[in-house]
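Undergrad: If you want the building blocks of each chain, they are given just below.
Protein chains: 2
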Amino acid sequence: MVVADAGGKGRKQGSVAKAVSGQGENTLGITVKKSDDFVEWYNQVVLKAGLADYAPIRGFMVMRPNGYAIWERIQRHFDKVIEGHGVENAYFPLLIPKSFFEKEAEHAQGFEPELAWVESRQGEGAGEAEERLAIRPTSETIMYDSYAKWVRSWRDLPLRINQWCNVLRWEVKQTKLFLRTREFLWQEGHCVYATKEECDREVRMILDDYRDLVQDLLAIPVVAGQKTKSETFAGALYTTTIEALMPDGRALQMGTSHNLGQGFASAFGIRFTDEQKKEQLPWQSSWGFSTRLIGAIVMVHGDDKGLVLPPRVAKRKIVVVPIVFEDSREKVLKKAREIGKALSEHGAFVDDRDNYNPGWKYNEWELKGVPLRIEVGPKDVEKGHVVVVRRDTGAKEFVKDKDIAGRIPQLLEEMHKAMFAKAKKFLDDSTAEAKSEEEFSKLVAQRKMVLAQFCCLPECEQKLKEKTGITSRCIPFNVKGAGSKCIFCGEKAESKALFAKAY
Amino acid sequence: MVVADAGGKGRKQGSVAKAVSGQGENTLGITVKKSDDFVEWYNQVVLKAGLADYAPIRGFMVMRPNGYAIWERIQRHFDKVIEGHGVENAYFPLLIPKSFFEKEAEHAQGFEPELAWVESRQGEGAGEAEERLAIRPTSETIMYDSYAKWVRSWRDLPLRINQWCNVLRWEVKQTKLFLRTREFLWQEGHCVYATKEECDREVRMILDDYRDLVQDLLAIPVVAGQKTKSETFAGALYTTTIEALMPDGRALQMGTSHNLGQGFASAFGIRFTDEQKKEQLPWQSSWGFSTRLIGAIVMVHGDDKGLVLPPRVAKRKIVVVPIVFEDSREKVLKKAREIGKALSEHGAFVDDRDNYNPGWKYNEWELKGVPLRIEVGPKDVEKGHVVVVRRDTGAKEFVKDKDIAGRIPQLLEEMHKAMFAKAKKFLDDSTAEAKSEEEFSKLVAQRKMVLAQFCCLPECEQKLKEKTGITSRCIPFNVKGAGSKCIFCGEKAESKALFAKAY
Numbered sequence: 006m007v008v009a010d011a012g013g014k015g016r017k018q019g020s021v022a023k024a025v026s027g028q029g030e031n032t033l034g035i036t037v038k039k040s041d042d043f044v045e046w047y048n049q050v051v052l053k054a055g056l057a058d059y060a061p062i063r064g065f066m067v068m069r070p071n072g073y074a075i076w077e078r079i080q081r082h083f084d085k086v087i088e089g090h091g092v093e094n095a096y097f098p099l100l101i102p103k104s105f106f107e108k109e110a111e112h113a114q115g116f117e118p119e120l121a122w123v124e125s126r127q128g129e130g131a132g133e134a135e136e137r138l139a140i141r142p143t144s145e146t147i148m149y150d151s152y153a154k155w156v157r158s159w160r161d162l163p164l165r166i167n168q169w170c171n172v173l174r175w176e177v178k179q180t181k182l183f184l185r186t187r188e189f190l191w192q193e194g195h196c197v198y199a200t201k202e203e204c205d206r207e208v209r210m211i212l213d214d215y216r217d218l219v220q221d222l223l224a225i226p227v228v229a230g231q232k233t234k235s236e237t238f239a240g241a242l243y244t245t246t247i248e249a250l251m252p253d254g255r256a257l258q259m260g261t262s263h264n265l266g267q268g269f270a271s272a273f274g275i276r277f278t279d280e281q282k283k284e285q286l287p288w289q290s291s292w293g294f295s296t297r298l299i300g301a302i303v304m305v306h307g308d309d310k311g312l313v314l315p316p317r318v319a320k321r322k323i324v325v326v327p328i329v330f331e332d333s334r335e336k337v338l339k340k341a342r343e344i345g346k347a348l349s350e351h352g353a354f355v356d357d358r359d360n361y362n363p364g365w366k367y368n369e370w371e372l373k374g375v376p377l378r379i380e381v382g383p384k385d386v387e388k389g390h391v392v393v394v395r396r397d398t399g400a401k402e403f404v405k406d407k408d409i410a411g412r413i414p415q416l417l418e419e420m421h422k423a424m425f426a427k428a429k430k431f432l433d434d435s436t437a438e439a440k441s442e443e444e445f446s447k448l449v450a451q452r453k454m455v456l457a458q459f460c461c462l463p464e465c466e467q468k469l470k471e472k473t474g475i476t477s478r479c480i481p482f483n484v485k486g487a488g489s490k491c492i493f494c495g496e497k498a499e500s501k502a503l504f505a506k507a508y
Numbered sequence: 006m007v008v009a010d011a012g013g014k015g016r017k018q019g020s021v022a023k024a025v026s027g028q029g030e031n032t033l034g035i036t037v038k039k040s041d042d043f044v045e046w047y048n049q050v051v052l053k054a055g056l057a058d059y060a061p062i063r064g065f066m067v068m069r070p071n072g073y074a075i076w077e078r079i080q081r082h083f084d085k086v087i088e089g090h091g092v093e094n095a096y097f098p099l100l101i102p103k104s105f106f107e108k109e110a111e112h113a114q115g116f117e118p119e120l121a122w123v124e125s126r127q128g129e130g131a132g133e134a135e136e137r138l139a140i141r142p143t144s145e146t147i148m149y150d151s152y153a154k155w156v157r158s159w160r161d162l163p164l165r166i167n168q169w170c171n172v173l174r175w176e177v178k179q180t181k182l183f184l185r186t187r188e189f190l191w192q193e194g195h196c197v198y199a200t201k202e203e204c205d206r207e208v209r210m211i212l213d214d215y216r217d218l219v220q221d222l223l224a225i226p227v228v229a230g231q232k233t234k235s236e237t238f239a240g241a242l243y244t245t246t247i248e249a250l251m252p253d254g255r256a257l258q259m260g261t262s263h264n265l266g267q268g269f270a271s272a273f274g275i276r277f278t279d280e281q282k283k284e285q286l287p288w289q290s291s292w293g294f295s296t297r298l299i300g301a302i303v304m305v306h307g308d309d310k311g312l313v314l315p316p317r318v319a320k321r322k323i324v325v326v327p328i329v330f331e332d333s334r335e336k337v338l339k340k341a342r343e344i345g346k347a348l349s350e351h352g353a354f355v356d357d358r359d360n361y362n363p364g365w366k367y368n369e370w371e372l373k374g375v376p377l378r379i380e381v382g383p384k385d386v387e388k389g390h391v392v393v394v395r396r397d398t399g400a401k402e403f404v405k406d407k408d409i410a411g412r413i414p415q416l417l418e419e420m421h422k423a424m425f426a427k428a429k430k431f432l433d434d435s436t437a438e439a440k441s442e443e444e445f446s447k448l449v450a451q452r453k454m455v456l457a458q459f460c461c462l463p464e465c466e467q468k469l470k471e472k473t474g475i476t477s478r479c480i481p482f483n484v485k486g487a488g489s490k491c492i493f494c495g496e497k498a499e500s501k502a503l504f505a506k507a508y
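Here the protein sequences line up with chains A and B, keeping their order. Residue numbering for the first sequence follows the working numbering, beginning at 6 and increasing consecutively. Residue numbering for the second sequence follows the working numbering, beginning at 6 and increasing consecutively.
If you're looking for bench data, these hints aren't it; they were derived computationally from the structure. Heads up, some of the hints might be wrong.
The list treats identical chains as interchangeable, and a pair is accepted whether it falls inside one copy or across any two copies.
[Unchecked claim] Here are the computed lysine-lysine pairs in the DSS-like style, where the Cα-Cα straight-line distance is at most 27 Å: (1) K346 to K472; (2) K429 to K201; (3) K154 to K320; (4) K282 to K53; (5) K497 to K453; (6) K181 to K154; (7) K201 to K181; (8) K38 to K154; (9) K103 to K178; (10) K178 to K154; (11) K283 to K53; (12) K85 to K320; (13) K422 to K85; (14) K401 to K388; (15) K234 to K485; (16) K430 to K468.
Using the sequences and the accompanying hints, generate a full structural model.
TA: Spelled out as structure tokens, the structure:
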């Protein structure tokens with residue numbers, strides 16, 4: 006039985022407020038509405054839900070346990086996926102010699118401005134050849150130097166390596182927790198193939214993995230496509246991407262998978278002998294996503310009460326809150342603990358702290374986004390049921406004791422689907438097509454993602470960016486009907502492209 | 006049935022050599038004996054087993070997939086253990102402001118010489134307060150700055166946080182892969198407690214976890230104890246340690262757990278209000294182990310054929326090698342794959358590569374340390390059995406098809422126990438007690454770990470170090486009979502201590 010609940014406590018307030026308590030009011034809540042001040046709301050949720058904190062160094066952040074636990078779930082999920090593709094994890098050095106960046110010209114140009122260099126220690130360590138070293142902003146160059154040693158024959162291919170690590174890019178723009186910090190955590194996969202076909206295929210395979218990760222684990226719908234020339238990764242042949250739309254109408258790039266062509270192989274001397282004993286240049290891919298995914302979860306799913314965690318990525322999925330009165334204390338605690346234990350494999354835990362009252366606990370776990378709350382009071386013990394409250398909708402349901410083990414996993418799945426469907430509807434409703442530049446401007450003003458015929462030429466895109474601050478997010482794989490004229494410059498359109506302001 | 010096998014192939018050489026093959030000789034093997042040239046042997050095993058490679062920057066290394074997989078198994082094991090203790094993982098910034106190091110004087114002195122500083126970017130980012138930043142050598146200071154914000158009340162304690170990360174210490178000594186590199190990976194746990202008793206108790210709890218991890222997962226016996234004053238962590242009240250003995254008679258510190266006292270709390274302003282509403286200074290602990298554990302596995306268990314992985318830490322525990330002849334190809338491959346599938350949950354995989362012969366495969370997987378090899382030839386298919394070969398002893402055993410599922414896990418456990426027992430016997434046989442400095446010198450010359458009455462005074466230990474290069478490894482927890490005179494200076498002995506050259 007589902008009881009509709011318009012944002013309140015549902016259960017009579019009195020009974021909860023009178024329960025044993027050492028603490029009265031919740032002073033931790035979010036003080037602004039998501040719809041009123043999105044930026045402030047976002048920061049409050051990230052900070053108050055214990056996902057992250059500002060670091061004492063400008064542009065850096067501390068990832069707190071609640072945030073890091075999300076990253077660990079993402080890691081565990083993705084590690085299994087790529088292991089199935091034969092990708093192995095490894096770890097390469099944090100520091101990269103200056104000369105390495107210079108080997109691939111476009112790549113160097115792309116990253117040079119954001120590099121943090123290590124101070125020289127000339128003279129220390131007798132005979133030490135001194136070269137300027139930078140903290141890695143990405144690891145193509147340091148990895149491919151090793152690849153040149155490891156790859157000899159067609160037998161060594163494909164080579165598929167991934168690393169989970171920290172990278173540093175000295176951004177000068179304002180920091181946004183998870184979305185733009187000078188240091189962030191990510192995974193970067195770097196593969197080497199004998200043929201372009203194989204490389205193309207696996208570039209898409211990984212992008213499909215990214216889409217599945219984001220949609221199936223994080224309940225965030227994405228648009229998959231290819232980047233235009235000016236948005237392509239520095240040094241790549243082409244870049245594929247998945248893009249999500251945030252509630253403020255700005256797009257967030259959720260992961261990219263690049264075909265690097267043969268440029269890096271040529272620059273770093275990666276060669277292999279094929280089955281006919283001829284020397285060949287291999288093809289390479291690289292692909293990555295970062296901790297900014299956590300920022301996307303907050304923005305897409307969060308509400309005025311705080312974080313709403315998609316159930317599959319939540320480590321702690323179910324909080325069991327006993328409603329304790331002195332005369333029924335033992336039986337209520339006993340039942341709460343039994344339920345917690347029975348559901349422990351589904352990520353249940355019991356909040357049996359004595360010094361907080363149930364209302365305070367409800368608010369705390371709502372703030373922190375725990376998907377389901379199970380309330381156990383003395384009346385519930387008598388009646389042989391519990392009250393289950395969904396975090397996303399606030400909907401309540403009485404579940405009989407004997408049905409708990411069956412119903413709870415169902416509810417978690419229903420919640421995932423509902424969260425995805427809601428976000429998908431927003432994405433669909435917020436996407437529109439413009440037939441002219443005028444229409445484009447109108448739709449942009451309405452915070453839409455806009456699809457439009459586009460020449461895809463860097464000069465045209467640069468002009469648009471200067472005029473409006475907007476760039477193309479991608480050329481979606483699934484759009485049809487290209488071939489007319491670019492709505493901006495009137496030249497021949499290469500395809501329809503998707504436009505939005507980006508994080 | 007166990008067939009003794011004195012280091013050879015056991016199975017008639019002819020049959021294996023004649024099997025279908027695209028490649029003749031194994032040129033990958035270790036070319037020196039462990040007993041002849043331990044240093045060269047170690048490097049060859051690390052490099053040729055694909056555990057690590059030298060990086061293009063002096064003092065750094067690349068951790069290759071075979072090495073990183075060991076680290077991942079260690080991480081997974083230890084994460085479960087500390088999660089059970091209520092420890093949560095988090096991530097703090099890579100860079101630490103200079104002023105932070107200066108807050109705790111001893112700590113600063115200990116780490117200052119090894120810091121790598123980031124070049125100033127003065128002037129960039131308008132109004133940016135400029136402070137010199139170092140790459141973390143350890144994270145006490147940056148973490149405790151946040152702790153001072155997070156800890157307010159006794160309700161916030163204990164605070165137990167761990168991070169897995171890279172750290173950098175600019176060593177000037179010669180690099181040794183896994184054992185001494187400028188960058189390494191580790192975990193560092195940092196906890197805050199209301200009382201010294203609780204802190205003491207958990208410092209030991211973690212040390213016990215370390216001992217169990219190293220003994221039960223890596224099959225390496227250790228001695229647990231407390232460090233003398235001069236070997237105590239910079240800034241700590243006391244340091245506890247687990248020490249293992251390497252085959253060359255040198256000790257390797259495998260993990261340390263420190264009671265930091267109240268010094269850091271005082272320096273970083275961590276305070277809490279107790280239940281009586283009085284402000285108090287908390288007690289702190291920190292504890293860590295690093296990727297050098299992988300070096301210990303190589304040294305302790307490896308042999309002249311290469312790496313020998315303790316079964317519990319091996320990801321790939323069982324290699325199934327089909328012995329393929331053209332006329333029996335299909336049935337042999339079929340059986341090999343069936344066995345691989347049936348044992349996949351135990352870490353089995355099938356090496357069905359066509360372009361290598363079985364002898365080459367045996368050598369390769371022996372070099373890489375896979376615990377068990379299952380050979381499947383046409384005769385084995387006929388007879389309804391397989392040949393199973395243990396990596397540590399080379400012992401062969403015919404196992405009937407119906408017994409495979411039961412026998413293989415047993416064999417893995419037997420192997421773990423035998424490897425531990427062998428290493429334990431070496432440790433016991435290599436430890437001796439000296440009643441005088443003369444006896445001490447004699448035992449040291451025989452590469453023994455030496456137990457001796459010791460004053461534990463820094464000056465005495467410093468003199469010993471200058472004279473012999475030897476320091477105390479620890480004051481073992483389980484020794485008795487302290488109280489007579491220090492064998493070096495004749496002053497009152499505080500305890501017996503254990504001495505050895507250290508890595």
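Undergrad: Now tell me, hint by hint, if it's right for this structure.
TA: Quick rundown of the hints versus the structure:
no. : hint         : result
1   : K346 to K472 : neither (59 Å within a copy, 60 Å between copies)
2   : K429 to K201 : neither (34 Å within a copy, 53 Å between copies)
3   : K154 to K320 : between (41 Å within a copy, 25 Å between copies)
4   : K282 to K53  : between (61 Å within a copy, 24 Å between copies)
5   : K497 to K453 : within (24 Å within a copy, 81 Å between copies)
6   : K181 to K154 : between (40 Å within a copy, 20 Å between copies)
7   : K201 to K181 : neither (38 Å within a copy, 39 Å between copies)
8   : K38 to K154  : between (56 Å within a copy, 26 Å between copies)
9   : K103 to K178 : both (24 Å within a copy, 24 Å between copies)
10  : K178 to K154 : between (39 Å within a copy, 26 Å between copies)
11  : K283 to K53  : between (61 Å within a copy, 26 Å between copies)
12  : K85 to K320  : both (17 Å within a copy, 14 Å between copies)
13  : K422 to K85  : within (22 Å within a copy, 30 Å between copies)
14  : K401 to K388 : within (16 Å within a copy, 64 Å between copies)
15  : K234 to K485 : within (20 Å within a copy, 74 Å between copies)
16  : K430 to K468 : neither (32 Å within a copy, 75 Å between copies)
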